[in-house]
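K.L.:
Next come the chains, spelled out residue by residue.
4 protein chains.
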Amino acid sequence: MLEKLSTPERLLAFSDGMFSVIITIMVLDLKVPHTAEPAALIEQWPEFLAYGLSYLQAGIYWVNHHALFKPAEKVDDRVLWLNLLMLFALSLMPFATAYLAETGAKPFPTAVYAIIMLLPALAFDRLHRAILRVNTGDEEIGRGALLKGVVAIGLYLTAAGTAFWSPLAALLLVFGVSVMYFAPIRYY
Amino acid sequence: MLEKLSTPERLLAFSDGMFSVIITIMVLDLKVPHTAEPAALIEQWPEFLAYGLSYLQAGIYWVNHHALFKPAEKVDDRVLWLNLLMLFALSLMPFATAYLAETGAKPFPTAVYAIIMLLPALAFDRLHRAILRVNTGDEEIGRGALLKGVVAIGLYLTAAGTAFWSPLAALLLVFGVSVMYFAPIRYY
Amino acid sequence: MLEKLSTPERLLAFSDGMFSVIITIMVLDLKVPHTAEPAALIEQWPEFLAYGLSYLQAGIYWVNHHALFKPAEKVDDRVLWLNLLMLFALSLMPFATAYLAETGAKPFPTAVYAIIMLLPALAFDRLHRAILRVNTGDEEIGRGALLKGVVAIGLYLTAAGTAFWSPLAALLLVFGVSVMYFAPIRYY
Amino acid sequence: MLEKLSTPERLLAFSDGMFSVIITIMVLDLKVPHTAEPAALIEQWPEFLAYGLSYLQAGIYWVNHHALFKPAEKVDDRVLWLNLLMLFALSLMPFATAYLAETGAKPFPTAVYAIIMLLPALAFDRLHRAILRVNTGDEEIGRGALLKGVVAIGLYLTAAGTAFWSPLAALLLVFGVSVMYFAPIRYY
Numbered sequence: 000m001l002e003k004l005s006t007p008e009r010l011l012a013f014s015d016g017m018f019s020v021i022i023t024i025m026v027l028d029l030k031v032p033h034t035a036e037p038a039a040l041i042e043q044w045p046e047f048l049a050y051g052l053s054y055l056q057a058g059i060y061w062v063n064h065h066a067l068f069k070p071a072e073k074v075d076d077r078v079l080w081l082n083l084l085m086l087f088a089l090s091l092m093p094f095a096t097a098y099l100a101e102t103g104a105k106p107f108p109t110a111v112y113a114i115i116m117l118l119p120a121l122a123f124d125r126l127h128r129a130i131l132r133v134n135t136g137d138e139e140i141g142r143g144a145l146l147k148g149v150v151a152i153g154l155y156l157t158a159a160g161t162a163f164w165s166p167l168a169a170l171l172l173v174f175g176v177s178v179m180y181f182a183p184i185r186y187y
Numbered sequence: 000m001l002e003k004l005s006t007p008e009r010l011l012a013f014s015d016g017m018f019s020v021i022i023t024i025m026v027l028d029l030k031v032p033h034t035a036e037p038a039a040l041i042e043q044w045p046e047f048l049a050y051g052l053s054y055l056q057a058g059i060y061w062v063n064h065h066a067l068f069k070p071a072e073k074v075d076d077r078v079l080w081l082n083l084l085m086l087f088a089l090s091l092m093p094f095a096t097a098y099l100a101e102t103g104a105k106p107f108p109t110a111v112y113a114i115i116m117l118l119p120a121l122a123f124d125r126l127h128r129a130i131l132r133v134n135t136g137d138e139e140i141g142r143g144a145l146l147k148g149v150v151a152i153g154l155y156l157t158a159a160g161t162a163f164w165s166p167l168a169a170l171l172l173v174f175g176v177s178v179m180y181f182a183p184i185r186y187y
Numbered sequence: 000m001l002e003k004l005s006t007p008e009r010l011l012a013f014s015d016g017m018f019s020v021i022i023t024i025m026v027l028d029l030k031v032p033h034t035a036e037p038a039a040l041i042e043q044w045p046e047f048l049a050y051g052l053s054y055l056q057a058g059i060y061w062v063n064h065h066a067l068f069k070p071a072e073k074v075d076d077r078v079l080w081l082n083l084l085m086l087f088a089l090s091l092m093p094f095a096t097a098y099l100a101e102t103g104a105k106p107f108p109t110a111v112y113a114i115i116m117l118l119p120a121l122a123f124d125r126l127h128r129a130i131l132r133v134n135t136g137d138e139e140i141g142r143g144a145l146l147k148g149v150v151a152i153g154l155y156l157t158a159a160g161t162a163f164w165s166p167l168a169a170l171l172l173v174f175g176v177s178v179m180y181f182a183p184i185r186y187y
Numbered sequence: 000m001l002e003k004l005s006t007p008e009r010l011l012a013f014s015d016g017m018f019s020v021i022i023t024i025m026v027l028d029l030k031v032p033h034t035a036e037p038a039a040l041i042e043q044w045p046e047f048l049a050y051g052l053s054y055l056q057a058g059i060y061w062v063n064h065h066a067l068f069k070p071a072e073k074v075d076d077r078v079l080w081l082n083l084l085m086l087f088a089l090s091l092m093p094f095a096t097a098y099l100a101e102t103g104a105k106p107f108p109t110a111v112y113a114i115i116m117l118l119p120a121l122a123f124d125r126l127h128r129a130i131l132r133v134n135t136g137d138e139e140i141g142r143g144a145l146l147k148g149v150v151a152i153g154l155y156l157t158a159a160g161t162a163f164w165s166p167l168a169a170l171l172l173v174f175g176v177s178v179m180y181f182a183p184i185r186y187y
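Protein chains in written order, with numbering that gives the first Met the number 0: chain A, 0 to 187; chain B, 0 to 187; chain C, 0 to 187; chain D, 0 to 187.
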């Protein structure tokens with residue numbers, strides 16, 4: 000029998016695997032100094048800062064993915080594909096982080112970083128709506144969370160533009176999204 | 000007591016782990032430009048395209064693996080080994096992708112890419128039959144999905160041959176398999 | 000409905016993914032000798048020793064994470080974030096290990112190693128208290144385990160200081176924490 | 000309350016994560032040729048052969064781990080630690096494989112490869128006995144499987160010695176263990 004809907008167990012197991020590998024792969028870009036001089040380690044601070052910021056972004060996506068699927072009982076193929084799309088966007092995060100650190104937060108790479116942070120937010124918005132449709136038949140229930148997502152998208156876009164004027168301000172805007180998401184969210 | 004059959008939980012957990020690491024390992028091949036010049040990033044487009052195409056292929060395998068095991072209640076040793084064989088074939092995908100990107104989609108590497116995409120399809124076909132045998136005792140039920148798999152195998156083979164004439168056409172054929180698999184499939 | 004509490008399944012799946020990738024990523028730093036001479040392999044003993052010590056530390060954290068969450072039925076957002084914080088600290092372990100091995104256990108890198116081993120212990124302490132609060136409403140129950148954690152923190156700090164006098168003694172102190180944690184712990 | 004026994008769910012999730020990362024990390028050692036010449040790819044056959052052989056070994060360990068834990072309902076701390084020990088031994092497999100491929104299967108690296116394949120077999124034997132003790136209170140039930148394990152250990156040891164005389168014969172002996180383990184095993 001063709002079951003069009005399935006339970007989310009495997010989607011979650013696969014997503015958790017993706018999240019954990021995406022995050023830890025970023026650690027590989029923390030290059031080890033070849034000397035024991037403290038200065039050699041200290042001058043790597045931009046790499047550590049970039050890693051910390053990206054870990055925070057990925058952590059926020061995970062916590063929100065967790066909150067989004069907590070009450071979900073059913074997923075359809077649309078949800079599977081949108082989830083894959085969101086994970087694809089997230090999988091570019093290690094690249095964006097290494098690019099930011101390697102070039103020392105110059106304007107263009109910082110803008111690319113903000114754009115790549117924006118991509119999973121766009122996919123997350125579609126995913127959220129698809130899950131609402133399958134599980135409640137009503138897209139309006141999660142309006143607060145959807146709105147918050149739109150604000151995040153706006154902040155990322157603003158950060159991308161700001162990067163050409165001040166990379167530091169752009170990164171602070173990206174960090175601002177994290178702060179905004181510390182509070183728990185009502186998805187349904 | 001020797002139980003010849005077991006439930007698929009662990010097979011799925013292991014497979015999801017393999018899928019997620021195989022996919023994310025491909026990200027490591029996206030080299031970071033050493034300068035902040037936009038041109039340096041833009042000239043890397045073949046790497047990003049290769050990654051995108053391979054992510055799509057791996058995603059399709061995951062969605063189909065998900066659909067294949069959704070109604071499966073029992074697995075035997077044959078299924079365990081065929082699943083391992085399919086994952087082995089999939090694990091060559093990061094190599095094939097990096098090879099394609101590194102050589103700039105020349106004929107021979109493109110043919111190798113198509114062949115390596117073909118290998119998991121061959122294993123998937125055997126796996127599909129083995130699961131039908133254990134769970135339904137009837138290989139004919141999933142005829143539509145089996146047929147689709149055979150078409151995919153044919154497309155990959157055609158792509159491998161086409162690569163020597165036009166690598167671009169070959170990659171479009173590989174992409175064509177993805178398009179064909181967007182529609183959901185009835186495995187039982 | 001906003002459920003403020005959730006079951007720990009996904010937190011555990013994600014954590015297990017993080018643990019396994021963090022540990023195995025350290026293997027990537029075991030460089031392969033380019034010649035078949037036994038001497039070339041033997042002179043790599045500091046790398047293997049560093050890997051062994053770090054594997055032991057990570058293993059201890061996993062076993063304790065396992066013990067901590069065994070009786071936990073509920074997690075709140077605070078637990079999610081503290082768990083993410085602990086995994087962040089753990090994710091720096093491959094860096095610390097490679098740094099230790101690369102510089103040949105000089106004083107400063109050894110102190111950095113001890114400090115990085117200390118960070119997850121600090122987060123673990125907060126995580127432990129947060130879990131007690133959610134699941135029992137009483138932080139005093141796990142007093143023995145909390146005390147053990149404080150002793151571990153003290154040992155790591157002592158190791159960090161000792162490193163400037165004797166890196167070997169510092170690494171023995173870090174190893175001492177492992178020995179102390181071999182015995183099972185009562186978290187509730 | 001201190002529960003000395005726990006269910007194996009998390010041990011299995013963590014182990015599956017470790018297995019999948021250990022296996023896929025080996026793919027990273029398949030270096031990509033820089034030219035599109037078929038010859039450049041073909042001369043890499045030892046790397047592919049080494050990867051294939053190691054994948055087979057890891058696959059056998061996974062299938063046997065699966066069979067060993069299938070009827071296990073309880074695990075104690077001893078099982079947790081022995082499982083970690085076995086995974087530690089397995090985690091050296093990518094190193095051994097790269098070492099074998101890099102040096103072109105010279106005698107010493109081939110002997111090291113056989114020894115590293117032997118280590119998880121030794122840990123697996125202890126793990127098997129520990130699981131029998133917790134779940135059945137009787138170590139004699141799994142005598143057939145234990146004996147098979149001892150034969151495997153003997154074959155690996157013989158392979159290590161044979162390597163100094165003929166690396167090819169040694170690798171065939173390692174392959175022989177795989178063949179022996181294709182048949183399903185009765186662990187209880």
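If you're looking for bench data, these hints aren't it; they were derived computationally from the structure. All figures in this text were calculated on a predicted structure; none of them were measured in a lab. There's no promise every hint is true.
Which copy is meant is left open, so a pair is good if it fits within one copy or across any two.
[Stated by the list, open to error] Straight-line distance between alpha carbons at most 35 Å, and here's what the computed DSBU-like set of lysine-lysine pairs gives: (1) LYS73 / LYS147; (2) LYS69 / LYS105; (3) LYS147 / LYS105; (4) LYS73 / LYS105; (5) LYS30 / LYS73.
K.L.:
Quick one: LYS147 to LYS105, C-alpha cut-off 35 Å, is that within a copy, between copies, both, or neither?
P.N.:
Within one copy only: 29 Å inside, 46 Å across.
K.L.:
Evaluate LYS69 and LYS105 at a C-alpha cut-off of 35 Å and name the case that applies: within, between, both or neither.
P.N.:
neither (39 Å within a copy, 47 Å between copies)
K.L.:
Given identical chains, is LYS73 near LYS105, meaning Cα to Cα at most 35 Å, within a copy, between copies, both, or neither?
P.N.:
neither (44 Å within a copy, 44 Å between copies)
K.L.:
Since the copies are identical, ignore which copy is meant and state whether LYS30 and LYS73 lie within 35 Å (CA to CA) inside a copy, between copies, both or neither.
P.N.:
neither (43 Å within a copy, 38 Å between copies)
K.L.:
Is it within a copy, between copies, both, or neither that the alpha carbon of LYS73 lies no farther than 35 Å from that of LYS147?
P.N.:
both (24 Å within a copy, 26 Å between copies)
Going down the numbered hints, you'll see the structure goes against 2, 4 and 5, while the others check out.
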